[in-house]
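Spelled out from the first residue to the last, the chains are:
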Amino acid sequence: MDSQIKLVEKLVKKFKEKIEVFEEEPGTFFVEKDTFFDVMTQLKEKYGFNYLVDVTAVDYNEEIVAVYHLMVLPDCKKIKVKVKLDKQNPIISSISSLWAAADVQERETFDLIGVIYEGHPNLKRILCPDDFEGHPLRKDYKVEARR
Amino acid sequence: MEISRSQLQDKNLKTQEITINMGPQHPSTHGVYRCVLTLDGENVTNLENVMGYLHRGMEKLAEDRTYTQFIPYTDRLDYLAAALNNIGYVETVEKLLDIEIPERVEYIRVIVSELQRIASHMVYIGSYALDINGFTAWMYTFRDRERILDLFEMISGSRMTLNYPRIGGVSHDLTEEFIAGLRELLKDLPSCFDEYDGLITGNEIFQARSKGVGVLDAETAINYGISGPNLRASGYKFDLRKAEPYSIYDRFEFDIPIGENGDSFDRFVVRMEEMRQSLRIIEQALNDLPEGPIQAKVPKVIKPKAGEVYHQIEGAKGWLGYYLVSDGSTKPYRLHIHGPSFVNLGVYPEIAKGGNIQDAVVILASIDIVLGEVDR
Amino acid sequence: MDKLFVNAGAGLEQWMVSGLGLSSIITNLIMVVIQVAMILSFVLLNVLYLVYLERKLSAYWQQRLGPNRVGPRGLLQTTLDVIKLISKEDIVPQAADRKVFKLASIIVFIPAVMLYAVIPFGKDMIAVDLNMGVFYFIAISSTTTIAFLMAGWGSNNKYSLIGGMRAVAQMVSYEIPFVFSILGVIMLTGSLRMSDIVAAQNDVWFIVLQPVAFLIFFIAGTAELNRAPFDLPEGEQELVAGATTEYSGMRWALFFLAEYANLIAMSALAVTLFLGGPAGPWAPSWIWFIVKVYIMIYVFMWMRWTFPRIRIDHLMHFNWKFLLPLSLANILVTGVGIKIYQWFIQ
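Chains as they are written, first to last, in my numbering: chain S, 283 to 429; chain V, 6 to 381; chain B, 1108 to 1453.
In silico lysine to aspartate or glutamate, DMTMM-like type, Cα no more than 25 Å apart, as pairs:
#, chain 1, residue 1, chain 2, residue 2
1, V, K310, S, E345
2, S, K359, V, D255
3, S, K406, V, E53
4, S, K424, V, E68
5, V, K216, B, D1420
6, S, K360, V, D255
7, S, K359, V, D260
8, S, K406, V, E355
9, V, K247, V, D103
10, S, K424, V, D332
11, V, K216, V, E355
12, V, K65, V, D332
13, V, K305, V, E68
14, S, K292, S, E327
15, S, K359, V, E313
16, S, K328, S, D357
17, S, K359, V, D103
18, B, K1110, B, D1231
19, S, K364, S, E400
20, S, K360, V, D222
21, V, K100, V, D69
22, S, K360, S, E327
23, B, K1265, V, E47
24, S, K315, S, E345
25, V, K302, V, E105
Derived list of chain S stretches under chain V, where covered just means 3 residues or more per stretch with a C-beta under 8 Å from a C-beta of chain V:
#, segment
26, 325-338
27, 385-391
28, 406-419
Derived from the structure by calculation, the hints contain no laboratory data.
We put the CB at the ideal spot given by N, CA and C, even for glycine.
The following block holds chain S by itself, in its conformation from the complex (with noise of 0.2 Å):
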């Protein structure tokens, strides 16, 4: 855990204001959009970030917050990236280029929550049907009642 903190603390250094730390739980930080690209990208080959654990999205109904789970993989070291994202257009640029297993990752968030990988080489539904309409695991999308 501290040196997840003393990690997060260098990055803070570096990325100033664009990075904000989340007190309650160590290890996790909200990154603005527009330098998300280049935190990953240093988290990856500055600091060894070499896994890609768990890319996902949950809307909270004002934003969307797209959450990224990394790994160093030897020792388990593990951090957490958080972007607000606008409602209405929650855009983001892709990180498949860094690690390729965000390609479907990335896919599956899009089909399911709605969130616009930019620089994705193939961003299309996977887990739903081409011709569905929504993202279902919007809050605002409405599942049709049991019979």
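Place chains V and B on chain S using the hints.
Frame of chain S, contents of chains V and B only:
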């Protein structure tokens, strides 16, 4: 002398690539998965994953169920390793609730997890053999798997969809009958594994079909987020049970088998060896099994404080992750399930290109997918 | 006993000529019809119970029970299966080449039955004892390839097409070591006539003199039959059902029937060439023939349920780089051996 493609075209002998749909109904797609193959003769020049035929919206369903109500749904994720999904999920909720689990429960969960891992690997061994037309091996593994499922039936009343763990405990205690049956199984299984080795692993045709097919080096594997036995087959020694011991895995002694080349054969052998290691864990857990309650004290209505947690366990197919966000109500605000099969499948087009159509089938079998987990 | 069928046939012929006063041409015609009917019923009945046998044997090897519901011990299972298949709708896919598609299922069955004309079922029990019987067998059996190609092409299905192409590549290639392995036997007997080959094995079976040839024959024969581990044209796991993917009902059953009919014919040829034909002590020759054929069939089935399927390129490499040189070497060794033997005799 080999005739090159350009020479063929010079003589006006045109060759044409054909596109072929493998699935969603196909004998070797292990469920309703489809891949669009572009073939040049028998060689795969391009491959595209198409999934989602089994998409049931698990994550959306979770938002409308209480924390406890969602446990049986996790059975249907990786339906060949239901207990591991259950345990992964309840551990996530317990982590969020921050409650202490009784010793006996931890041991029971380890025993059930490892049994489930063996059962899942047995299906893998069998279906791999079946995908190269080794029908007999498939029946052998299923014969032995049935004994494990019988044991599961004793403790949970169900063979495959166990719904066994509860938040803070397990639903039923282990019976004398179960322990006796388990001891007998532990005695018999090593010879069963040897039998598979004789029938499949040592088979010349099997080795010719698997060695050097679908090679995945460790670097590519990490880049693609490959986890579990597939990553270890690429020669990367990393097991969540050792590296980040959840539950009580730090108390047991076991080895992490790794492969050398990262080909289909290594993926197979690693799983064979993992079954043997799981046996060791079960044996140790069974010997140390303490007495005690099988349920921790948890509130009647599970209502975790607002917050979030990411928990991952070493599942049968890879690292099964649950990302759980709570808003303080009785229902999860958001539950994201990181299915290892889903991510592992992402690398399939990459390693299947260049081989022929028979290799593609072998590679798909070797990366071990379960469509319930891919599509969720 | 040994001459039961031969005497019965001769008696019938005698009775028709003298008792009914028919001319010898008509008698011969009637006899041919009777022989064809006998062979057909032999083939069909055996196929019917071979399917049952294979299911039971595979069940035994896999520690299952196999069919055991229809009739005593499931004996009527395959009979009812055939009735079901006959009563099914004859479906021809819309996009298929109808003529080719329909013709293929018939063409595959005809050579399978024609093969039996030259097979010695017992002592003097051979429908037509051609002086080039072995050659006839090889020539007719290789025409099965055309049926598979027609089925694969006519179905207008990509899986079928790949299956058909595989069938052609495999069957044409394996024909060569198959024929070369038989050549060893032919060199020893100096005759292509089936009865001569059987007679030549009076003292010692050719499996003893030609063990390598027998192995090559067995492997190449498995490939010719499209049975596992060489069942690439069917290739269930890759090609669904290969060339026969689009076939259903009785048309599919004809392919199935032909496969088993070929299996019996191939086993009968193996028995004739290497296992002393129908000859044997104590029991009548036709019983020995059936026993030997079923032993061969058992080995073929055993292979099928033990080995996984081989890959297409390995299949070709194995044929051209191993089996073919080996069969040529076998011919050379046989030739040299014969010369040395003759030199000693003189």
